[in-house]
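J.: Here the structure of chain A is known, so what remains is to put chain B in place on it, guided by the hints.
There are 2 protein chains.
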Amino acid sequence: MEGSNKQSVDEPRQSSPAGLIIRQKEPTNLEMPFDKVDSYITPTELFYIRSHFPAPRIDVTDYQLRIKGAVRNPLALNYQELREMPSETRTATLECAGNSRVFLVPQVRGAQWELGAVGNAEWTGVPLRALLERAGLEDDACEVVLEGADRGTPAEEPIPPGPISYARSVPREKAIQPEVLIAYQMNGRHLSRDHGYPVRAIVPGHYGMASVKWLTRIQAVREPFQGYWQTSDYGYWDYLDGKPVRRALAEMKLKSVIARPRVYETLLPNRSYTVFGAAWAGETDVTEIAVSTDDGQTWAEAHFIDPARRHAWRRWKFDWLTPNQRGQYTLLARAKDANGTVQPDGHDPNFGTYVINHPLPIEVLVEDPSER
Amino acid sequence: MEGSNKQSVDEPRQSSPAGLIIRQKEPTNLEMPFDKVDSYITPTELFYIRSHFPAPRIDVTDYQLRIKGAVRNPLALNYQELREMPSETRTATLECAGNSRVFLVPQVRGAQWELGAVGNAEWTGVPLRALLERAGLEDDACEVVLEGADRGTPAEEPIPPGPISYARSVPREKAIQPEVLIAYQMNGRHLSRDHGYPVRAIVPGHYGMASVKWLTRIQAVREPFQGYWQTSDYGYWDYLDGKPVRRALAEMKLKSVIARPRVYETLLPNRSYTVFGAAWAGETDVTEIAVSTDDGQTWAEAHFIDPARRHAWRRWKFDWLTPNQRGQYTLLARAKDANGTVQPDGHDPNFGTYVINHPLPIEVLVEDPSER
Numbered sequence: 434m435e436g437s438n439k440q441s442v443d444e445p446r447q448s449s450p451a452g453l454i455i456r457q458k459e460p461t462n463l464e465m466p467f468d469k470v471d472s473y474i475t476p477t478e479l480f481y482i483r484s485h486f487p488a489p490r491i492d493v494t495d496y497q498l499r500i501k502g503a504v505r506n507p508l509a510l511n512y513q514e515l516r517e518m519p520s521e522t523r524t525a526t527l528e529c530a531g532n533s534r535v536f537l538v539p540q541v542r543g544a545q546w547e548l549g550a551v552g553n554a555e556w557t558g559v560p561l562r563a564l565l566e567r568a569g570l571e572d573d574a575c576e577v578v579l580e581g582a583d584r585g586t587p588a589e590e591p592i593p594p595g596p597i598s599y600a601r602s603v604p605r606e607k608a609i610q611p612e613v614l615i616a617y618q619m620n621g622r623h624l625s626r627d628h629g630y631p632v633r634a635i636v637p638g639h640y641g642m643a644s645v646k647w648l649t650r651i652q653a654v655r656e657p658f659q660g661y662w663q664t665s666d667y668g669y670w671d672y673l674d675g676k677p678v679r680r681a682l683a684e685m686k687l688k689s690v691i692a693r694p695r696v697y698e699t700l701l702p703n704r705s706y707t708v709f710g711a712a713w714a715g716e717t718d719v720t721e722i723a724v725s726t727d728d729g730q731t732w733a734e735a736h737f738i739d740p741a742r743r744h745a746w747r748r749w750k751f752d753w754l755t756p757n758q759r760g761q762y763t764l765l766a767r768a769k770d771a772n773g774t775v776q777p778d779g780h781d782p783n784f785g786t787y788v789i790n791h792p793l794p795i796e797v798l799v800e801d802p803s804e805r
Numbered sequence: 434m435e436g437s438n439k440q441s442v443d444e445p446r447q448s449s450p451a452g453l454i455i456r457q458k459e460p461t462n463l464e465m466p467f468d469k470v471d472s473y474i475t476p477t478e479l480f481y482i483r484s485h486f487p488a489p490r491i492d493v494t495d496y497q498l499r500i501k502g503a504v505r506n507p508l509a510l511n512y513q514e515l516r517e518m519p520s521e522t523r524t525a526t527l528e529c530a531g532n533s534r535v536f537l538v539p540q541v542r543g544a545q546w547e548l549g550a551v552g553n554a555e556w557t558g559v560p561l562r563a564l565l566e567r568a569g570l571e572d573d574a575c576e577v578v579l580e581g582a583d584r585g586t587p588a589e590e591p592i593p594p595g596p597i598s599y600a601r602s603v604p605r606e607k608a609i610q611p612e613v614l615i616a617y618q619m620n621g622r623h624l625s626r627d628h629g630y631p632v633r634a635i636v637p638g639h640y641g642m643a644s645v646k647w648l649t650r651i652q653a654v655r656e657p658f659q660g661y662w663q664t665s666d667y668g669y670w671d672y673l674d675g676k677p678v679r680r681a682l683a684e685m686k687l688k689s690v691i692a693r694p695r696v697y698e699t700l701l702p703n704r705s706y707t708v709f710g711a712a713w714a715g716e717t718d719v720t721e722i723a724v725s726t727d728d729g730q731t732w733a734e735a736h737f738i739d740p741a742r743r744h745a746w747r748r749w750k751f752d753w754l755t756p757n758q759r760g761q762y763t764l765l766a767r768a769k770d771a772n773g774t775v776q777p778d779g780h781d782p783n784f785g786t787y788v789i790n791h792p793l794p795i796e797v798l799v800e801d802p803s804e805r
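Taken in sequence, the protein lines are chains A and B.
Just remember that the numbering used here sits 433 ahead of the position in the first sequence, which is counted from 1.
Just remember that the numbering used here sits 433 ahead of the position in the second sequence, which is counted from 1.
Isolated chain A (complex conformation) (with noise of 0.2 Å):
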């Protein structure tokens, strides 16, 4: 475990066994270990997968794409005529709202991801914009729907009466952004089944639960839809002349994560070792990085290995040369946006068991094995 603390990070390492991090075993809920991010795009092998029932089988002779509602000429599509229409290709990051749960002190319900529910992938399809111009959505539609075809009753209260679809609403303004997706590709294969296939929707800038997967439906509405999860579950306080009001989730919020070192990782005392790390935001670019090695005390810039490009996280590295000191050190990283905003420094509560996008603290063991 020793072994070289000199590494290259703009090369690929050394392969090595993947796999996902269980953290649901049924519904399958699983993480990334985040160290093994190497690559600009997230390989699918890797991407988390992130599910509120079991996933669905669908049969692609048989689907089919409804969109209806607020619209002039209610479609049905079937996956040919679906796959007919002009497509494009985007890079998009998708982080699960409740991403790094497990830092939150003390515990919260529900799946305790670490660092690893986010990933970078390249997502082909139509944009959504191109199927409500050929339904006519109408002017006075507010939001558009998208509904899954995975189904059951969801577990926290207040719980519905029955089972219920998965379903997410976007607001108007952004479901007619030439970004979103109605996508049967990622990284240039279908869809596998745990990442919705055939069809799913790519919200970019959302968080990952506006992405509904196994995509079925599409519904303009005339008022906000006040669905299970936007009121119940994905929900925040927002306060209203000093009411709390429930908001649903939305925007990704600004945030950087350290990938390595990973959590208690021995490192030599008085090495070059290379910190490395990713950051996005929802609709900005993330500008700037700050790395502290003692806590918090002092921070030092990171440079970016990727671009800044809308919608897509940006990786980057820290030289750190570690004490000689023998000891644990905890590692943070800090964003900045293009709005000159930096991440809190601590999780908001009214966002609940959501949103944990304060810088998260990485605990490293310094110390030569050879002088045991």
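Source of the hints: derived by calculation from the structure; they are not laboratory data.
Predicted model only: the values in this text are computed from it and were never measured.
There is no bait here: all hints are sound.
Label-pair restraints from in silico Cβ distances: (1) B:730 with A:761: 46 to 54 Å; (2) B:566 with A:782: 54 to 62 Å; (3) B:796 with A:621: 17 to 25 Å; (4) B:474 with A:495: 54 to 62 Å; (5) A:680 with B:707: 51 to 59 Å; (6) B:717 with A:623: 47 to 55 Å; (7) B:621 with A:680: 53 to 61 Å; (8) B:672 with A:472: 50 to 58 Å; (9) A:514 with B:759: 24 to 32 Å; (10) A:702 with B:677: 51 to 59 Å; (11) B:585 with A:781: 24 to 32 Å; (12) B:752 with A:511: 43 to 51 Å; (13) B:703 with A:497: 33 to 41 Å.
Just so it is clear, CB atoms sit at the ideal spot from N, CA and C, and this is done for glycine as well.
T.: Just chain B, lined up with the frame of chain A:
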């Protein structure tokens, strides 16, 4: 991620970032990424950490170990006096009784351990027997209670009225066996704080909860100890004349775990891949490992890497020719012990959220990335 399928299991693999997986941030509950098992002895920095309360800080100059209760000569030893007694070094596997809990469906309470809440280390210390002889254990003492300096109010019902110290009893017949140590070294170095510095118990063959960390008190008792951690927690239901009675968990049950491949790892088709794992039993030896690559329909025999050694794990390997047919495959491993016992097919509900020792499914993907 593709990489070479062919591995040597006898040679250490390329060093790669190690570190641990966080299952609970506070108190510290960290798991070994089990695909990192490369050596017979688990390096200390990879050994899982299971804590019930924050780790106490003990100054070794103040440290005292008291031996009292049903003994003729109650005594107290300081750290130096303990170190001056004749010591022994033994290899023992410790497994958390809740290891693999994440495989239980539906999900149950408690840390969602996957495979890595187990490790095999060398422990050095004074046999408990020597201390009990020195203190003059009374003939009518039936158990020995081991008490740590860690304290708090536990979370599971029935909850005691106030903070209590972590304590567990060992039956007399086990306590006087030569393998039970009052240990101050792990893998040749003083214990780390997370592993019980300066002194802990090691009860080989029993689940980890018996190996009390931060040990400060040894109390011989004349009636069975009914403490929280052997009645409320770490207990199971046995049957006496058809009536359920509560008993304390003790011996580790026979178990075999696949370390590589890892869940959702992608393997190349039609290649030799060495499936690799470890198996252990409580008070007997593991004598046989069967591996299935088709979810239990057919089984083949694996080969041991390590000899049988009471209280320590045996690593094993199995050469698999991966199928030509792309798809998902479920791997299982099943051990047999010297008594002819084999692992059960499923989890016994009498053990509640503990003793998850049935063959655990490892789903892998077989496909050739170049043919995508």
